[in-house]
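Student: Listed below are the residues making up each chain.
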Amino acid sequence: MNLIVAIKLVPDLVEELKINEEGNFLDLESLRLRVNEFDEHALEQAILLKERGAGRVIVIALDGEGVEDALFTAAAKGADQVIKLTGNTMPLVSNHTLARWLAPVIKSLQPSLVLTGVQAHNDLDGPLGPLLAEYLDLPYVGYVAKATMKDGEVEIRKEYPGGLAAEMEIDLPAVLGIQAAEQPPRYIAFSRIRQAMKTVQLEERQIPDPFIEEPIAIARLFQPEIGERAEIISGDVDEIAARLVDIFTDLDLL
Amino acid sequence: MPVRETFWNIPHWAEIAQYILGFLTLVIFAYGVLRRVRRWRQGRPEKRNDRLGTRLLSVFTHAIGQVRLAQDPYAGIMHLTIFWGMVALLMGTILATVDWDVTRLLWGFQFLQGEVYLYYELVLDIFGLLLLVGLGMAAYRRYVLRPQRLKNLTNSALSRDDAYALGMLTLIAITGYLVEGLRIAVLQPEWAAWSPVGRVLASMFASLGDPTNRNLHLTIWTAHTLIAFVFIASIPYTKLFHIASVPLNIFFRSLKPAGALAPASVEGSLGVRTGDDFTWKQILDFESCIRCGRCQENCPAFASGSVLSPREVMIKLEAYLWERNDSKMLHGDVIRADELWACTTCRACVQLCPAFIDHLAVFTDLRRHLVNEGQVDRMLQDALDSLARYGNSFCQPERQRARWTQTIQPKIKDARKEAVEYLWIVGDYASYHANLIPLTQKTAEIFQYAGLDFGILYEGERNSGNDVRRVGEEGLFEMLVEKNAAAISRCSYSAVVTTDPHTFNTLKNEYPSETFDHRPVLHYAQLLDQLILSGRLRFSRKLDYYVTYHDPCYLGRYNGIYAAPRRVIASTGCKLIEMPRCGERAFCCGAGGGRIWMEETGVQERPSEIRVREAAALPGVQAMVVACPKDFVMFKDAVKTAGYEDRLVIKDLSELVLEAI
Amino acid sequence: MKQEIFVLIEHLQGRVTDISYLMLAAARGITEKLDGNVVALLLGHNQRALANDLAADRILYFDHPDLAHFTPGAYQRVIGSLIEENKPRLALFGDTSIGVEVAGPLSARLNLPLVSYCKSLQVENNAIKFTSQICGGKLMAEGELPSPTALVTMIPGAYKAEQGRSVTPGVVVQASVPQLDKHPVRFLQYIEPETGDVDITKEALLISVGRGIQSQDNLEIIQELADALGGVVCASRPVVDQGWLPATRLVGKSGKRVKPKVYLALGISGATEHVEAITDSEVIIAVNTDPLAPIFNLAKYGATVDLLDLVPALTEAVKQATVKA
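Residue numbers (this note's numbering), protein chains in the order written: chain A, 74 to 327; chain B, -12 to 648; chain C, 3 to 327.
Simulated from the structure, these hints should not be mistaken for lab results. Do not rely on the hints blindly, as some may be mistaken.
In silico lysine-lysine, BS3-like type, Cα no more than 27 Å apart, as pairs [as the list claims (entries may be wrong)]: (1) C:LYS302 / A:LYS91; (2) C:LYS321 / B:LYS627; (3) A:LYS219 / C:LYS326; (4) B:LYS398 / A:LYS91; (5) A:LYS219 / C:LYS302; (6) C:LYS184 / B:LYS627; (7) B:LYS398 / B:LYS303.
Calculated from the model, a selection of chain C residues having no Cβ within reach of chain B, i.e. all distances over 12 Å [as the list claims (entries may be wrong)]: (8) LEU52; (9) ASP55; (10) TYR63; (11) ILE85; (12) THR133; (13) ARG213; (14) PRO240; (15) GLN244; (16) ALA249; (17) ASP282; (18) THR291; (19) VAL307.
These figures come from a predicted structure and were not determined experimentally. Quick reminder that beta carbons are idealized off the backbone N, C-alpha and C, glycines included.
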């Protein structure tokens, strides 16, 4: 069985996010990308399923800064095949566009299960998973925290707020939006990644129709105003503690 | 005419039997040695055949001189008396054999006669007495004082081994004296005074009379012979083998700088997974361990109550390699991951081991395997991920590395663009940690005040990789070295200075030599020392503080820099009071070896708290001076949690110097 | 013709979720400016009573055994055909485990634009504008919602649940359920959350910890502070994932929504999944060494020191203040 993992590169939030001159998108020069954290969980879940005998893991990602590192890392973790989707002119595209590009390639891989992160922080037009599922004409369930393969089905645990969860079963093939893998994404030694870079073949596939669809136009992208931010209490810890005690007293907590 | 009558009262058959038994003993002994050598040769290769002259000298100083052992005076006297006692008695036996079976048989004369013989008897009697004194001291310590470090809590067979060694030696000595005493009691030679102990014993036997004494003599002589042969034959099978293994281990010790870790012995930096992956030298290390426990006694991890005892690890590994029990896993059954992760790589164990065992090399190799398998705790994983991505463990962007320079005027030179005299490699902690940034700024002030032409790499700098390597992540270490070396080699500078001893250690000892091309790498304590001595840095005030100084592990033990920081402190006018554990024996703050990146579990009292207590106990001490950013962070925290805020202040060397300027 | 704004009402274990009310409030805010109707869509089985306090002009109630529990297939079928037939101006869904699984596939299936992470909707010059909070709260995106129909998934923060509740229930119309085929996704059972622990949703003072706590041992000092203040300790996802606190203490998208008087956020960065669950707090006080952490956008007071340094000092100060009082 083929377990396909679709990973997305998203803006690295540790870095300072700069807005472009027009004020409607991120400044691409200063942009640094990293793998979407939830996609790392999706990969981890896929590897776990593979370790339990479910099949092969194929990882696919759109070309962008750091995509090779990400794919070789996936290979080092146990992915059997890693594919880079090339031909895009922009590092960041809408999920509708990305889903449309990924769908035919994933379809050609004859997926039994497609896994991707339940969301990414830059999903302005909705997360990738449901859109991808629709273009693949497959069912989708998101917020998945546990997955067990059964004959022709996958049994999953879907998380709801407040600690509530539901057990559902889905006929394969299907698409899952992973909230959390059953164990945190494993650590992979740097030397193993380097080893993968030497031995693993990174496949490239061209996007058949690299037309970018942007259904939502951002008029303004900005950082939340300073005025809205908190009143920062300064001083050493004792001074801050004293001020907080005053605040607590004012709020009738003490 | 005094002459040695070697087989007096011994019937001919006994004489023959002795030689036959002697031969058998040698066969058993040789087989035992062969077994060990064969095991060493199964180990992976390791090159240790350089600088033979230095190696021989080490053996002289440490195997014969036993300098390290003697640092504990009680143990020194105890072991040296046993050692020289046995050496003397062995020489005595050899001389007697040559005298009787060589010169007498072949050339018809004995040299053990006349004055030579008299002095021979006296020397042996005295040394025999010394031997007994040493054995008595050993038994007293082991069975009466019962120090923690000698306890064999997990394996009572080891206690039997310890008792065997002491017991056999004691029996040999005592039976030897008894034989001598009985002979003198019967023969009553004129020169009996030259065997003082024998003479005293003889007087005690005198009342028994002749046939009894002769019979006793033969019996005890037989016992002495048998015990001695068993003793010799058993050497390769008991802890007595240290007689051979320790000098060998000393001969083959690493002559590389202490701060240079051996690269992975297994291809691909995989580390040690099973017993087959150890090198022959590491196997020799395990066999050289005589369980003295000095490593455990000085280990900060052990002192803090964690599961790690370097002594126990060596014992377990030795036992495991002998067992070769396939159902037991090296990782998990014999050594647990939490034991390995508890090590702070302070090097006290290696520095103080009288057998010159390199515990750290083994720990690192075992850690390499854990890292390769991804068995790292979450905090460490986050730190390593951050180091790989951002070049620092704080999950802060590279751009922010030089944020601390924003308040410095004039702007610090960018060494990537301009030539500088001193390339200052600041280090992660000094650049990013909120509590340390003020100290880094002070150091910059000092440099500017001294008129130093210096610059930094700004965003071009990455974590130097010292602790990454000690954690076992060789691959990441190599990547960091590549990046840093590339950035450094593009610069034009005369010397490198760094404020972090960890950074200092790896730059100096582990970075490829081409990186610096013979330009000196200095820790800022050394630079300050130089500036003060040359007069470039002058003080306007004399500080009157009573301070103590904590030797950072990576500056002191690893690189032997003890004097320079002390001179700097003295030149500020402060009065230095040393802690009991100072210099080579300094007690680690607990942050090294990547521990500052790991979760703190199973610790009863943190090493930093133990150390702070030690400093605060010094009468009159107001401050503890440190020269390492991690020390500063650890001790500041420890002072708070241990409640010494009113008692002790932690000051960095730079603070002291700036105050005095 | 009046423009309709559909709102998919989410409910779990017999209760309508807060986000549903928030969306009704958002929809009301639009229909007040433009000529429109708020239409609440309630799907269930024998759950008509859930419609009782929905502030909507019209409530369409779909009853069918297959709708007793949320399944994506059935919901998509019902809502999809409804949108196709009625072509509303907007359809609002919660950015949740339920809403996303309806809005997402329908956006692709019906080729309708979708905006996510939407915090608020405004009317400007007869156009409907969205304000979305993306990139973990570090960025805000504004734009116009395309005509004729747009789908929106919403996050809490700009509206209060009360604004979406009504004492006078709107008109409830029992709507006909289209043919629900057998779908590849089948609901099996619920897994109830652990009980027996304190209910943090009812607490007035919460001391919450995040990644900044660094190790489980440090929870001790947090508990001391909580004891001194008379509050309860809770946490964001990283802490619960580690097993350092039980899931009953999880505050966030997958955890509980809380409405304390004071929410003390220690070592919490302010990622959207966490922050959306605390927007009903009266006062948020945040401690984080990163001055750019998004939590400071929401907090009223803040400090940029290390919580491990501050908490013991604060506990001490609180104890002394309590003694004095």
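Student: Each of the hints needs a verdict: does it hold here or not?
Tutor: Do the hints match the structure? See the list:
no., hint, result
1, C:LYS302 / A:LYS91, "holds (25 Å)"
2, C:LYS321 / B:LYS627, "holds (18 Å)"
3, A:LYS219 / C:LYS326, "violated (52 Å)"
4, B:LYS398 / A:LYS91, "holds (25 Å)"
5, A:LYS219 / C:LYS302, "violated (38 Å)"
6, C:LYS184 / B:LYS627, "violated (65 Å)"
7, B:LYS398 / B:LYS303, "violated (56 Å)"
8, LEU52, "holds (41 Å)"
9, ASP55, "holds (44 Å)"
10, TYR63, "holds (47 Å)"
11, ILE85, "holds (43 Å)"
12, THR133, "holds (27 Å)"
13, ARG213, "violated (8 Å)"
14, PRO240, "violated (9 Å)"
15, GLN244, "violated (6 Å)"
16, ALA249, "holds (18 Å)"
17, ASP282, "holds (30 Å)"
18, THR291, "violated (6 Å)"
19, VAL307, "violated (8 Å)"
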